[in-house]
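Q: Read off the chains here:
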Amino acid sequence: MNLLDLFRFATGGLHGHRLRTGLSVLGVAIGVASVILLTSLGEGARRYVTGEFATLGSNLLILIPGKTETAGLAPLVSTAPHDLTRQDAEAVRQRVPQIRRVAPVAVGTASATAGARSREVTVIGTTHELLAIRHLKMTSGRFLPEDLPDAAVCVLGARVQRELFPDRNPLGQRVRIGDWRFRVIGVIEPRGTSIGLDLDEVVEIPVDTALRVFNRTGLFRVLAEVNPNADLDAAGRAALEVLRERHAGQEDVTLLTQDSVLTTFNQILGVLTAALAGIAAISLGVAGLGIMNVMLVSVSERTREIGLLKAVGATHAQVVAVFLLEAAVLATTGGAIGLAAGLASGRLLERLYPDFPVHAPEWAILAALVVSCSVGVIFGILPARQAARLDPVEALMRRKA
Amino acid sequence: MIQLQGIERVYEVGASPVRALRGVNLSIARGDYVSIMGPSGSGKSTLLHILGCLDRPTAGSYRLAGQETADLPEAELSRVRRHQIGFIFQFFHLIPRLTAAGNIELPMVFAGIPAEERRERARRSLEVVGLTARAGHRPDQLSGGEQQRVAIARAVVMEPAVLLADEPTGNLDSVSGSEVVRLIERMNTDGLTLIVVTHDPQVGGRARRCIRLADGLVVEDTEPPSRRRSAAPAPEVT
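Residue numbers (our numbering), protein chains in the order written: chain B, 3 to 403; chain P, 118 to 355.
Mixed in with the good hints, there may be bad ones.
Derived Cβ-Cβ restraints for the label pairs, each shown as a range [what the hints assert, rightly or not]:
id, chain 1, residue 1, chain 2, residue 2, range
1, P, R173, B, S347, 55 to 65 Å
2, P, Q122, B, L291, 49 to 59 Å
3, B, L384, P, E276, 30 to 40 Å
4, P, H316, B, G24, 43 to 53 Å
5, B, L6, P, P190, 21 to 31 Å
6, B, G280, P, R173, 44 to 54 Å
It is worth saying that the hints were derived from the structure and are not from the lab. Each residue gets a CB set at the ideal place from its N, CA and C atoms; glycine is no exception.
Extracted from the complex, chain B is given alone in its bound form (with noise of 0.2 Å):
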């Protein structure tokens, strides 16, 4: 018997019960497109998320001031961590070689006036060289002056200006920053957020006007920018060797770069991606307990049928060989529509949520198809066997139902 034949006769059976066939098939479909659709979801959130911080440029090196791992041994002088000041960022660049950019960050929010519109806004003090380490572009105007560390200028975020000059060239404009006066001198192109700062709602202003205006001494983070064909890692670690110097020998400085911190993130999002498609696959698995039901009816309807496959000499495994690829191609059929709903929803999500990316892996959609035909397999079994070991004597004395 060819497996055409084999096909056609079992697909036959199908036929017969259209309704419960497709309530099983309905059961299966929803297991698969949840589990695409979980996984999409959570793929979704890993490439959002790996997104966000893959802008930032793979060869940065991110200065946060304080420690945050754990040390082993309790320390006897004062944990108290040192600020970071500007004259560390500025040793950081001219001891350790590989670095070529340095940008240091401060980092406060005050009010913008410019006429009579006001508005909310994150300002950030920093220096012209934040423009190439952060790969902003500028839409009319220039950055902040490479000589002038403390001049009252500032360079608006494309909201910004749209809100405060919204029909009015703002270049040589005033905004008032808190109790400071500045002059526009650029606008930077719309970019939106990265690592959840919107860069379209932020003003920039000199690194050192920022810390008088803010009245601080410490800045909020150090960028430094790698040569692309240096070691990143030695690069970090000098660094740190060189802060830890000029803060008296402590370590009170953590390093963060878009490595490490792409790899963190994968790895949370991987386990939540795998989280999400375990609960799903529970549903594929009820949904596999839906066809075995159906098929154990089956068998036990089909009973004179068994016989009689027996008695004009169906083999044992042509008896199971039938019923497993039932049981088979209930599921399979269910996996398919279930892709495919799957995908489709998450196609609608996309429309409706264009921002967040849905993404089905690769993996999940192969895995959707090869565990429903599994399923069905593995769950058909015990009532192929059942059907199999009818007695069929017994299958063929049962009167009509």
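Chain B is fixed; fit chain P onto it per the hints.
A: Relative to the frame of chain B, chain P by itself:
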């Protein structure tokens, strides 16, 4: 063709074993026409199932065409059923979702016969039973007599040596019943060994040899004198 020796069949039902057959000795020649009769519970169906290799004897020897079947593995028994034995049943046992032709093709499907040959052989079988026009009909679109004729076509399509009929007319009116009987008798004339289990004396009486069972034993084994093959017209079957 068939040699039974000391065939016993014991069913374990609850605590007390039921002895359906208690030492049956029987020898049936190739091309013979035998009826097996007896009251219900006499073991005639059990005997038929054992003859058809659907059931195994608890003890004794069953040689079919010279081959001992009692110790054949299950897969071999399937092969014996497929190639040596044709079955027809009281309730026809057609598969409802398959057409007449599809039902007839079924044994050939499991025998792995290619589709084209199957169609041709099914077509010829339908011709033999006079149902060429009904090839595409499903069982529920056929009358009882037609269904049984499809079942006969299915039973003989593999060209078996033995045709076993279990109450073949039990579910038919007298006209289609006698049609069916005439059909299988014609096949017997062409050399098919025919064994009919029935409790209807008028059907059983037509056989060349009549075996009567009671309580699991052969109590009578005769060639009825009334039987005159090829002579007087067949008596009406009721």
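Q: Each of the hints needs a verdict: does it hold here or not?
A: Status of each hint after checking the structure:
no., hint, result
1, P:R173 <-> B:S347: 55 to 65 Å, "holds, 56 Å"
2, P:Q122 <-> B:L291: 49 to 59 Å, "holds, 50 Å"
3, B:L384 <-> P:E276: 30 to 40 Å, "holds, 37 Å"
4, P:H316 <-> B:G24: 43 to 53 Å, "holds, 45 Å"
5, B:L6 <-> P:P190: 21 to 31 Å, "holds, 28 Å"
6, B:G280 <-> P:R173: 44 to 54 Å, "holds, 49 Å"
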